[in-house]
Amino acid sequence: MTTFARISFDPALPLWLLVILAIAALALLALAYWRRSGGASGTTDTTWRMLALAAALLTLANPSLVQEQRNPVPDVALIVVDQSISQRIAKRAVQTEVALEKLEQRLMGRPDLEVRVIRAGMGTASDRFLPEGTHLFGAIRAGLRDVPKQRLAGIIVISDGQVHDLPKVDGTTSSEFGGPVHLLLSGQRGERDRRLVVVKAPSYGIVGETLHLSLMVEDSTDHRTGGVGKISNTERTRLSLRRDGGIADSRSRPIGKVRNFPFRLNHAGPTVLELEIDPGQQELTTKNNRAVVIVNGVRERMRVLLVSDEPHAGERTWRNILKSDPSVDLVHFTILRPPHKQDGTPINELSLIAFPTRELFQDKLDDFDLIIFDRYRRRGVLPDIYLQNVAEYVRRGGAVLTAVGPDFATLPISLSRTPLGAILPSKPTGTIREKGFRPHPTDKGRRHPVTAMLEGIGGPGSTPGWGRWFRQIDVREVKGDVLLSGVGQHPLLIMARVGDGRVAQLLSDHAWLWTRGFEGGGPQAELLRRMAHWLMQEPDLEEEDLRARAMGNQLLIQRRSLNPAGKDIQITTPSGEVRSVALNDNGRGMETGALAVTEPGLYRLDDGTHRAIAAAGDINPLEYADMRATASKFQPLLKQSGGAAFWLADGMPDVRRVKPGRINRGRGWLGLRASGDYTVSGVEQTPLLPSLLVLILFLGLTMLAWHREGR
0 MTTFARISFD PALPLWLLVI LAIAALALLA LAYWRRSGGA SGTTDTTWRM LALAAALLTL
60 ANPSLVQEQR NPVPDVALIV VDQSISQRIA KRAVQTEVAL EKLEQRLMGR PDLEVRVIRA
120 GMGTASDRFL PEGTHLFGAI RAGLRDVPKQ RLAGIIVISD GQVHDLPKVD GTTSSEFGGP
180 VHLLLSGQRG ERDRRLVVVK APSYGIVGET LHLSLMVEDS TDHRTGGVGK ISNTERTRLS
240 LRRDGGIADS RSRPIGKVRN FPFRLNHAGP TVLELEIDPG QQELTTKNNR AVVIVNGVRE
300 RMRVLLVSDE PHAGERTWRN ILKSDPSVDL VHFTILRPPH KQDGTPINEL SLIAFPTREL
360 FQDKLDDFDL IIFDRYRRRG VLPDIYLQNV AEYVRRGGAV LTAVGPDFAT LPISLSRTPL
420 GAILPSKPTG TIREKGFRPH PTDKGRRHPV TAMLEGIGGP GSTPGWGRWF RQIDVREVKG
480 DVLLSGVGQH PLLIMARVGD GRVAQLLSDH AWLWTRGFEG GGPQAELLRR MAHWLMQEPD
540 LEEEDLRARA MGNQLLIQRR SLNPAGKDIQ ITTPSGEVRS VALNDNGRGM ETGALAVTEP
600 GLYRLDDGTH RAIAAAGDIN PLEYADMRAT ASKFQPLLKQ SGGAAFWLAD GMPDVRRVKP
660 GRINRGRGWL GLRASGDYTV SGVEQTPLLP SLLVLILFLG LTMLAWHREG R
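All the letters of the sequence shown, read from the start, carry residue numbers 0 to 710 under numbering that gives the first Met the number 0.
One should not assume that every hint holds.
List time: in silico DSS-like cross-link candidates among lysine-lysine, alpha-carbon distance up to 25 Å [what the hints assert, rightly or not]: (1) 632 with 90; (2) 478 with 426; (3) 148 with 638; (4) 148 with 566; (5) 167 with 632; (6) 658 with 101; (7) 90 with 286; (8) 658 with 148; (9) 199 with 286; (10) 638 with 167; (11) 148 with 167; (12) 101 with 90; (13) 286 with 256; (14) 322 with 363; (15) 566 with 286; (16) 443 with 638; (17) 256 with 199.
Pairwise CB distance ranges, derived in the manner of DEER restraints [as the list claims (entries may be wrong)]: (18) 109 with 648: 26 to 36 Å; (19) 624 with 323: 43 to 53 Å; (20) 72 with 591: 53 to 63 Å; (21) 319 with 357: 21 to 31 Å; (22) 488 with 323: 28 to 38 Å; (23) 149 with 244: 53 to 63 Å; (24) 328 with 488: 34 to 44 Å.
These are calculated hints, taken from the structure and not from any lab test.
Think of the CB as a built atom: it goes at the ideal place given N, C-alpha and C, for glycine as much as any other residue.
I would like the entire structure built from these sequences, with the hints used as guidance.
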């Protein structure tokens, strides 16, 4: 606290009136002096009168001595520490902490300065991943919300200069902060970095079709221009592409040129593509040598071939279900006139067309996504060579669904006696069970994604509220998973893998009763849709599967299994840390868990049997675009505010307090403005002309003037 004294005037009359009175008094005195002009005696009398009038006017001005007790108000110096991703490479974090410690030592303890430290650049607890890059100035504005502009001594930012929310500077307005902004640069001059740039990438793609990624490898050497260094036309690097964490596909690519990288999607749904290039010489960091692209695979209209034998009650039901699905392109053939049926009708009078067996089962067989045999039996329409083609089609990755009837149990004409029988999941015993029953899920059926979520399935131990069927084919030598059972717990729906493909077998031709609504019906359309998508290897219907997806700040984990493993999931974070997560089983083949996400990037999951990969946050941060330290982005703001940039590698600059309006920077030093603000805690006011003293003085001077005039 300091004491400051000053003289204050509190005039009894308005100032303008006092000025008029003073002018009038001077005029009268001048007139009196002119009229008297009596030499020394006249001059002395005029002087005494002037002193008397001056005392009167001074009394009317009412002067007093004011003594103020002043308390200085400290200015605010804000130190902003950049803790973004690019600050973690090389020795920048160490440089930053050393600089912060030195600043605090130099500035702390000063009575005229309040030091505030803000750490920013990693987002908030609710939004850790900032897709726009490093944000510092939002935190700066929040930290200065209670600080008037005149109290801001200055802002010192400790960063590598890679900041992406810098205020717009147009050169015509003053700094929005009111004080100088200085930049202490971490990193080194002349840093070199090689990075992978995804110029163009598709968001969606058709499964099986060739897609293209447009990629470029940049090797930057000049931090002042931000350009690409001189690269030899023959310099190349190796580029690797990995799909969903699988085996990498490596190719050589030139540096500094845009090139296409062709690839194909092998399944519907999201596919995570990991791209990586080999590091260059004197590489600053390899974090931007990698890029991740997520492409959603979609199928074209699903091509289904439905082959029906003689018309029966369920044939139209199958057709209607498939035709009602807009994603299905159906080719349906019904055998109305087998080769052995000869009634003498001339060929040119038949309205039927010949079964295009060669075209369908040899030339264009691989164009179909699914083949359904509805109560088909051996009758000479399809030679064994074509059925052998179908068996090979399945082993190569195709899908076949057989819905069988009494003909399947009749061994001489059964489909099991053809080459197709080698891939079917069961063989008939010859017994046909004709008895009312309700399809019932097995233990595996309650966990398998094809049947676990069917409407009306009920909980464990309960019987689904579906309508009854009245015929079931008895089988033996069952291979695969039995999902539904019928009479006497015998298999009703079997699904199995064969080579790279899949087959399913429905051992009844009475599913159409559900569609007709008999006894309440059942989910035939949904069951067929799920069977078809499982047969076509849709990832969402895999019975043994591990996957995860990011939602907010959590990684949601799902594991499907027909046999609950009870194992924890081991998760490797983008930084390499391994964490363990326990899962909860919902009783329907799904185990779920969650992990708090603390950093963006790829998370790798492993339960000992299955592996998965998931992307969280901004997988290709904007900050990775250029990780070299530079002051170029800050220069407009530094120039506008009067601040400067200093490389920490050159040493710590000195810190000085400067008066407002002075230069805030110099060689080896930065300035913090000293505003000199204060608050007044007390005021003492003492009149300089007490009333009695003024009265005596005025009367005395007046009488003295009269006395001399009377002589």
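Results for each hint:
For the proposed pair residue 632 and residue 90, the alpha carbon gap of about 21 Å is at most 25 Å, so the pair holds. The straight-line distance between the Cα atoms of residue 478 and residue 426 is roughly 10 Å, inside the 25 Å bound, and the hint therefore holds. Of the supplied pair hints, the one linking residue 148 and residue 638 holds, its CA atoms being roughly 18 Å apart against a limit of 25 Å. A threshold of 25 Å between alpha carbons decides the hint, and for residue 148 with residue 566 the separation of about 59 Å lies outside it, so the pair is violated.
As the CA atoms of residue 167 and residue 632 are separated by approximately 11 Å, the hinted pair is consistent with the 25 Å bound. Among the hinted pairs, residue 658 with residue 101 is consistent with the structure: their alpha-carbon atoms are about 23 Å apart, no more than 25 Å. Between residue 90 and residue 286 the alpha-carbon distance is near 15 Å, which keeps this suggested pair within the 25 Å criterion. Using a Cα cut-off of 25 Å, the hinted pair residue 658 and residue 148 holds, with the two alpha carbons roughly 14 Å apart.
For a cut-off of 25 Å, the pair hint linking residue 199 to residue 286 stands: about 20 Å separates their Cα positions. Between the alpha carbons of residue 638 and residue 167 the distance comes to roughly 13 Å, so the proposed pair stays at or under 25 Å and holds. Between the alpha carbons of residue 148 and residue 167 the distance comes to roughly 18 Å, so the proposed pair stays at or under 25 Å and holds. Simply put, residue 101 and residue 90 have alpha-carbon atoms about 17 Å apart, close enough for the 25 Å limit, and the pair holds.
At most 25 Å may separate the alpha-carbon atoms for a hinted pair to count; residue 286 and residue 256 meet this at roughly 21 Å. At most 25 Å may separate the alpha-carbon atoms for a hinted pair to count; residue 322 and residue 363 meet this at roughly 21 Å. For a cut-off of 25 Å, the pair hint linking residue 566 to residue 286 is broken: about 32 Å separates their Cα positions. For the given pair, residue 443 sits about 71 Å from residue 638 by alpha-carbon distance, which is inconsistent with the 25 Å threshold.
Taken as a hint, the residue 256 and residue 199 pair is honoured in the structure, with Cα atoms around 13 Å apart against an allowance of 25 Å. One distance hint, 26 to 36 Å for the beta-carbon pair residue 109 and residue 648, holds here, with the actual separation near 27 Å. Taking 43 to 53 Å as the suggested C-beta distance range, the pair residue 624 and residue 323 conforms, at roughly 49 Å. Here the CB-CB span from residue 72 to residue 591 is close to 57 Å, well matched to the stated 53 to 63 Å.
Range check, residue 319 to residue 357: Cβ separation about 29 Å, and the 21 to 31 Å hint holds. At about 33 Å, the CB distance of residue 488 to residue 323 agrees with the hint of 28 to 38 Å. Range check, residue 149 to residue 244: Cβ separation about 58 Å, and the 53 to 63 Å hint holds. Checked against the hint of 34 to 44 Å, the C-beta distance between residue 328 and residue 488 comes to roughly 38 Å, which is consistent with it.
Checked against the numbered hints above, the structure breaks hints 4, 15, 16 and satisfies the rest.
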